[in-house]
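Just so you know, the sequences run in chain order A and B. Each residue of the first sequence is one higher than the last, beginning at 1 in our numbering. Each residue of the second sequence is one higher than the last, beginning at 1 in our numbering.
Any given hint could turn out to be false.
Chain copies aren't distinguished; within one or between two, either way the pair holds.
What the hints assert, rightly or not - Here are the simulated BS3-like pairs of lysine-lysine, each with C-alpha atoms no more than 30 Å apart in a straight line:
1. Lys815 with Lys743
2. Lys816 with Lys743
3. Lys72 with Lys39
4. Lys899 with Lys344
Source of the hints: derived by calculation from the structure; they are not laboratory data.
Protein chains: 2
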Amino acid sequence: MNLPVNSANLPHQDDQYVYYFGGGTAEGNATMRNLLGGKGANLAEMCAIGLPVPPGCTITTEVCNAYYEQGKQLPHGLKEQLSQALDRIERDVDARFGDASNPLLVSVRSGSRASMPGMMDTVLNLGLNDVTVEGLAQRTQNARFAYDSYRRFIQMYADVVLGVPHYYFEDAIENLKMEQGYVLDTEATADDLRELCDHYKSRVEAHTGVPFPQDPQEQLWGAILAVFDSWMNRRAITYRTLHHIPESWGTAVNVQAMVFGNMGDDCATGVAFTRNPSTGVAHFYGEYLVNAQGEDVVAGIRTPQSLTIASKEAGDTTLAMEESMPEVFRQLESTCSLLEKHYKDMQDIEFTVQNHKLWILQTRAGKRTAAAAVKIAIDMAQEGLISQHEALLRVDPLALDQLLHPTLDPNAPKHFVTRGLPASPGAASGRIVFSADEAEIRAKMGEKLLLVRIETSPEDIHGMHVAQGILTARGGMTSHAAVVARGMGKPCVSGASSVHIDYKTRTMHAGAHQFSEGDWITIDGATGDVYEGVVPTISADLSGDFERLMHWADAVRTLKIRTNADTPEDAKVARNFGAEGIGLCRTEHMFFDAQKIIAVRQMILSETLEERQVALAKILPMQRQDFIGIFHAMHGLPVTIRLLDPPLHEFLPRSEHEMREVANHAGISIERIRERAHALHEANPMLGHRGCRLGITYPEIYTMQARAILEAAYAVRAEHNITVLPEIMIPLVMHPDEVRILKNAIDEVAADVAQHHKEVLPYMVGTMIELPRAALLAGAIAPHAQFFSFGTNDLTQTTLGISRDDAGSFLGAYKKHGMFDHDPFVTLDVEGVGQLIHLACERGRAVRSDIKLGICGEHGGDPASIAFCHKMGMDYVSCSPFRVPIARLAAAHAVLKEKSS
Amino acid sequence: MNLPVNSANLPHQDDQYVYYFGGGTAEGNATMRNLLGGKGANLAEMCAIGLPVPPGCTITTEVCNAYYEQGKQLPHGLKEQLSQALDRIERDVDARFGDASNPLLVSVRSGSRASMPGMMDTVLNLGLNDVTVEGLAQRTQNARFAYDSYRRFIQMYADVVLGVPHYYFEDAIENLKMEQGYVLDTEATADDLRELCDHYKSRVEAHTGVPFPQDPQEQLWGAILAVFDSWMNRRAITYRTLHHIPESWGTAVNVQAMVFGNMGDDCATGVAFTRNPSTGVAHFYGEYLVNAQGEDVVAGIRTPQSLTIASKEAGDTTLAMEESMPEVFRQLESTCSLLEKHYKDMQDIEFTVQNHKLWILQTRAGKRTAAAAVKIAIDMAQEGLISQHEALLRVDPLALDQLLHPTLDPNAPKHFVTRGLPASPGAASGRIVFSADEAEIRAKMGEKLLLVRIETSPEDIHGMHVAQGILTARGGMTSHAAVVARGMGKPCVSGASSVHIDYKTRTMHAGAHQFSEGDWITIDGATGDVYEGVVPTISADLSGDFERLMHWADAVRTLKIRTNADTPEDAKVARNFGAEGIGLCRTEHMFFDAQKIIAVRQMILSETLEERQVALAKILPMQRQDFIGIFHAMHGLPVTIRLLDPPLHEFLPRSEHEMREVANHAGISIERIRERAHALHEANPMLGHRGCRLGITYPEIYTMQARAILEAAYAVRAEHNITVLPEIMIPLVMHPDEVRILKNAIDEVAADVAQHHKEVLPYMVGTMIELPRAALLAGAIAPHAQFFSFGTNDLTQTTLGISRDDAGSFLGAYKKHGMFDHDPFVTLDVEGVGQLIHLACERGRAVRSDIKLGICGEHGGDPASIAFCHKMGMDYVSCSPFRVPIARLAAAHAVLKEKSS
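When you get a sec, could you build the whole thing from the sequences and use the hints?
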């Protein structure tokens with residue numbers, strides 16, 4: 001064939017375009033990723049350390065760049081270098097490219113610096129033609145296999161190299177099956193397949209106008225050019241744009257000898273793990289099949305056998321590889337051990353034995369369960385294979401979530417109903433209830449319940465508290481139900497849109513499944529799955545390896561980890577998980593308590609200061625008691641309390657019954673309540689009369705809260721001898737004067753309380769930074785604020801102009817366009833919101849060098865966001881109790897990655 | 001008396017603490033404001049130019065600072081300097097301080113560098129005691145006046161200097177009146193008042209323990225120290241904090257001789273204007289009273305007489321001052337003329353004649369109507385008194401608003417009903433209608449209407465269009481009604497909270513006033529006043545002086561002025577006012593047209609792409625026609641068109657009738673419409689599925705609009721030979737990819753349209769910067785955007801986290817606290833939002849040096865915001881049509897103030 005070689009472009013003397021690997025040696029190694037691509041560098045590395053890898057060579061990424069720079073011409077000298085490499089491959093595997101009786105077959109694969117999965121198809125079995133296929137049939141004693149390989153090669157090559165679409169061949173095999181009355185592809189005989197090959201070739205010719213190439217050299221160069229051309233196809237360009245991969249990186253091409261595990265009974269194929277991927281136990285482990293190829297293992301037609309005697313199941317009469325091929329087994333075992341030591345991680349290895357010779361086809365870090373990940377990391381550190389720091393980096397913080405909650409018994413039978421969003425992890429079973437009130441009543445009778453709602457609101461909190469878990473038909477990962485459930489550590493499946501709920505008849509259906517109130521269901525908040533009835537669960541074990549990992553993380557991290565907790569119960573859970581304080585205690589959740597809500601409603605409905613103060617006087621002792629409970633639970637650790645934040649109308653009675661209740665209680669007409677509720681209605685409550693705007697307009701609310709907090713601090717000191725550091729936090733600040741005015745008011749209350757107790761206890765006053773203006777004016781706010789806590793939920797909403805509650809209708813389209821790598825409400829938008837945080841940290845510290853900086857809100861439990869907070873030099877992150885261990889590990893990661901970068 | 005003099009602190013040789021003025025000379029002048037305070041510097045200036053100002057002296061602000069630095073001790077030497085100054089005053093007015101027969105009386109006043117109105121009370125008539133009061137009585141031949149002065153002096157001095165509260169004296173005069181059977185204070189006789197003085201003095205002694213000071217020196221120093229002490233009182237400290245006045249500025253003290261216009265018929269008092277303050281005509285003008293003091297003019301007991309013969313009303317038989325005191329009159333006239341020449345502005349002058357001697361008590365720039373301001377500025381420039389640039393600076397741009405609209409005839413009788421907010425200027429009368437539909441029906445019958453609504457929504461637009469004006473019971477200065485009315489240039493009174501509307505009975509009441517549909521009312525949008533019936537109006541005259549002023553402004557300004565216009569009518573109005581393009585054409589307003597709304601609703605209710613395209617195909621020709629109309633009206637000037645912006649649910653049918661109409665039209669069930677409406681409901685629509693999020697999720701909507709715009713451009717070129725520059729604007733951008741993706745889509749449409757017309761017409765694609773993230777990422781957005789238009793309404797909402805619609809409930813409290821000098825939705829928040837704009841301008845220009853920058857939204861018509869835009873180097877501002885002249889002048893001011901700063 002005529003190659004597009006640029007003859008003007010003579011090679012430099014030392015221009016090496018092709019890097020050989022094989023026979024226990026390699027011209028490249030793992031560090032040459034940029035030149036050889038990820039796959040090429042790895043193959044070279046394995047060869048270099050003496051592993052039996054099928055020999056091959058890598059055409060460098062520089063060739064790809066030269067190809068495009070020279071107007072799609074290959075550099076002079078490449079052909080010769082590849083030819084020499086091919087000679088070496090032939091020698092290594094004792095087969096020859098295009099040989100009639102002993103043909104060398106090769107694979108051709110792209111491999112760029114960054115992984116671009118699915119961007120370029122692979123061509124396997126290249127070198128087959130009408131002649132060599134017969135040689136393959138004879139050597140494998142398997143004509144069916146040989147022609148099936150040939151058929152697949154034609155189809156693959158036609159698709160990838162010749163541009164003949166896949167579906168051109170689909171009907172041919174369907175026709176064959178119809179004619180012969182077959183059901184499965186596998187029923188086709190060797191003769192059928194030979195006929196099919198002829199048919200395929202004629203299809204290719206009909207489409208391209210020329211016969212299917214029989215010359216292996218032509219096949220080879222066709223595939224290589226196809227790989228280079230694929231670098232600029234639409235799919236690759238889009239992928240690169242989305243993943244910010246520069247075009248200039250180019251792709252390498254790997255040409256590698258094919259080996260076969262199906263050439264007789266001295267052949268085999270299999271998969272090995274250096275440790276058990278589901279438990280982490282350090283035993284060699286795996287499966288194999290004699291006289292088979294990889295596809296047979298996947299297809300599941302034959303049952304694979306165990307590699308080791310030790311891991312054979314009871315009653316398994318088949319031979320372990322340890323028994324059937326003891327010598328090759330030992331070689332495999334020691335090779336795998338070598339690989340684990342080399343890569344210092346548990347390996348997942350694909351191998352083939354061809355005529356008693358072991359070939360390693362691939363090795364990679366093995367996927368594992370969270371439990372296995374923890375065990376393997378700890379074990380390897382204790383074996384001295386890796387350091388404690390490396391062990392920490394081996395465990396994905398997010399994976400810990402699996403360990404902290406009960407999980408469904410994987411072996412239990414399950415009846416699937418539907419799937420929603422995995423909104424809060426953990427598994428739970430309970431009887432369906434459709435209202436929070438019903439939940440409360442039934443819970444008192446000792447029933448286990450699952451609260452099922454179209455969506456939840458702050459009024460459902462008491463029902464969520466008593467339920468085992470929550471299922472909603474609407475709302476995303478950051479809906480009310482999801483956020484509150486995560487805070488409570490309760491399982492939640494949200495946005496299960498196929499669930500239709502009828503509150504009137506107290507029934508729901510999902511597809512054909514019909515349920516009534518009181519029926520049992522089970523949800524898996526880690527997957528979003530919903531099941532009929534009760535599915536048994538396995539509970540979490542946080543001792544042993546997990547505990548050790550946490551201690552190692554604590555020794556490394558510099559960020560403190562606090563928790564978001566509104567109740568003494570949450571606070572206790574979080575302390576058990578290692579929380580070092582409360583970073584966000586939301587006082588409004590306390591207001592929904594059945595006892596308090598009436599007084600709160602009376603307060604809101606007040607039209608005069610006097611009326612309001614009567615109601616506040618009722619609330620004060622209850623609030624004080626709330627804070628005593630929390631201070632007691634935290635036992636001297638710092639507690640940040642946010643003053644009342646949400647718009648008042650969230651507390652308003654909605655139902656006729658509730659309105660009447662408040663009307664009676666406050667001694668006013670229901671009509672006035674309706675009017676007031678109407679007057680409090682807002683077009684955009686998120687940007688309305690809330691946060692410290694309540695404190696500015698109704699100072700008596702904030703001073704009541706400040707008094708309750710401070711009096712609680714004195715009470716806890718008197719009753720339990722615990723000295724508390726309350727950090728009183730002012731929300732939704734946009735102007736320095738808000739902080740100045742409200743801090744003055746709090747200081748006045750504090751002076752008054754101190755005078756009464758004849759003792760001055762410490763406290764701090766600080767502010768949330770959750771509006772862009774607060775971040776921009778941080779330098780003017782800092783003189784009045786002893787700490788900043790970044791409220792990244794609202795800061796994200798305002799910076800991006802997205803209402804989290806309403807984002808569902810369009811964020812999907814944005815993700816499809818690849819505009820956000822991660823949901824900005826889950827992982828902090830460093831590019832945008834991050835700029836404001838950075839600026840606020842700098843300006844705040846410039847004015848008050850010891851200002852305490854932290855983050856509360858959902859991002860505080862997200863590892864990537866935690867890394868950002870670490871980089872900003874914050875003092876702490878605060879997250880929901882069940883995220884505390886994740887945050888501890890992520891904070892350690894942040895330190896270690898910073899060092900290594 | 002013992003003065004707190006710091007004897008250790010000996011004066012430097014040249015330390016001057018007291019600056020004398022009087023007798024045609026002065027030690028200070030107008031430039032010494034920092035040392036002498038505003039009042040002291042001005043008095044010195046007037047003396048220095050030879051005006052007959054009552055002599056006096058100023059104790060410097062440095063004395064105030066020294067007083068506080070030395071622990072409230074006066075500097076050594078001050079007493080001597082003041083004593084010398086007092087001697088000079090005595091000589092100048094030929095009276096002596098404390099003299100029994102010819103007593104000098106003085107006033108003592110504070111005067112700081114910045115005006116602090118009401119911060120310090122004045123003490124008048126100081127020097128009166130039991131002896132000098134008799135001397136005053138004899139000299140004035142008016143014992144009643146002398147004792148009334150003494151009584152007032154005791155009360156004032158006791159309050160300001162001795163700390164005896166005002167109310168200590170209140171009952172004394174009440175008792176006197178009861179005893180004597182008087183109704184008015186003025187009925188008291190000299191003897192009554194003498195008795196009252198005794199009573200007052202005993203009250204003072206009872207409160208302070210010492211007798212009321214009879215020694216004039218003691219009185220004087222008491223008053224001086226009181227002024228210094230007042231600098232640190234709570235009221236002053238608060239005022240300084242609110243107005244950012246440094247404590248270190250200190251206050252000066254002015255001691256000035258009292259003069260009396262009531263010592264006989266050779267005495268008088270009056271007020272003069274150098275030009276007519278209501279018309280601006282350059283005639284000397286004013287009023288006086290013989291043998292009277294200033295208070296008599298104010299009290300209105302006697303009718304003042306004209307100063308000049310020319311300005312006497314027909315039938316006025318009283319003597320003008322020109323006749324009664326020709327010599328003093330000529331002196332006054334020439335003094336006033338001198339003052340106008342000196343201060344180069346129309347002066348408002350207070351004078352007193354004491355025994356034939358003229359004294360000027362005060363001069364200041366006279367308040368004037370907008371018409372007078374324009375005329376005076378133009379006249380003075382043409383007289384050569386000031387330059388054209390100075391003339392421009394003399395007219396407050398905002399005052400022009402008065403000239404652009406019809407105004408109520410000031411002489412017409414009026415029946416006041418209530419007052420709301422002055423939401424959109426102009427006066428209008430009409431019959432009350434309570435619905436937009438009713439307005440439309442009645443308008444067709446030729447009726448003049450006033451649309452009265454609780455509040456308005458986009459669905460009322462057609463009613464607002466046909467009404468003469470709008471009155472709402474709810475909503476602020478930036479409510480829907482206010483914004484739309486200003487855009488239309490229609491009078492609007494919003495938030496008239498005393499108006500109660502009953503839509504059912506079609507009635508409204510405000511207090512005792514009751515109205516039914518069809519009754520006539522009149523509103524004044526410049527004041528917020530509402531009147532019964534028809535009040536005649538005077539229409540605007542934009543020729544002559546106004547036109548000249550505008551031309552001068554145009555010659556100076558560098559900012560272009562565009563307009564926000566959605567219809568050809570608006571566009572024409574704006575062009576008449578001088579608009580140089582459209583900066584914001586909102587396409588959604590077009591959608592509310594009765595013809596279009598049904599198709600638009602069908603489009604929104606579509607659930608599939610196909611359904612939506614059917615509806616869009618109906619809308620396309622109508623949109624194209626809209627743009628043809630606007631392009632034609634703008635005749636080649638640039639037109640910026642914003643693609644669809646508001647949340648879709650704003651267009652949804654609300655009433656049962658509308659739902660049925662759409663259901664019939666689209667051939668779907670009303671139930672489905674209800675469902676879809678429910679699905680489109682949003683918690684915070686301002687941050688919801690709107691702006692370019694619609695373009696990303698439903699690209700076909702934006703491409704339809706782009707096609708309509710571009711096809712219109714070709715049509716206008718073909719039909720009218722007008723070449724248009726459409727600037728297609730993408731709203732609510734938060735991510736560079738939004739602009740990239742949508743620009744690509746628009747470019748594809750443009751290529752298609754160009755191919756069809758076989759001609760390429762120019763167009764631009766740009767973006768709004770109205771979310772903080774867009775401002776922060778401006779550098780990444782600019783490569784895809786040919787222009788930025790700052791949407792400061794939304795940028796303010798998101799940066800401050802304030803929903804404009806909901807701000808009414810708390811912004812009032814913020815203003816009370818002085819947190820915002822101006823409503824941030826009226827005047828750009830330079831401190832916060834301004835930072836983001838600055839940053840976006842810089843980053844945008846860094847990437848694309850020729851990027852076109854402008855601002856649309858309400859701030860584009862606000863002079864302070866325009867000055868900021870000028871400073872940022874923007875290309876244009878865009879504002880509602882009736883604001884265009886204001887913006888032209890404000891843009892000129894920005895240039896001139898920049899030069900002078």
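Hints and how they fare:
no., hint, result
1, Lys815 with Lys743, "between (42 Å within a copy, 19 Å between copies)"
2, Lys816 with Lys743, "between (46 Å within a copy, 18 Å between copies)"
3, Lys72 with Lys39, "within (24 Å within a copy, 85 Å between copies)"
4, Lys899 with Lys344, "within (20 Å within a copy, 70 Å between copies)"
Figure legend: structure checked against the earlier numbered hints; every hint is met.
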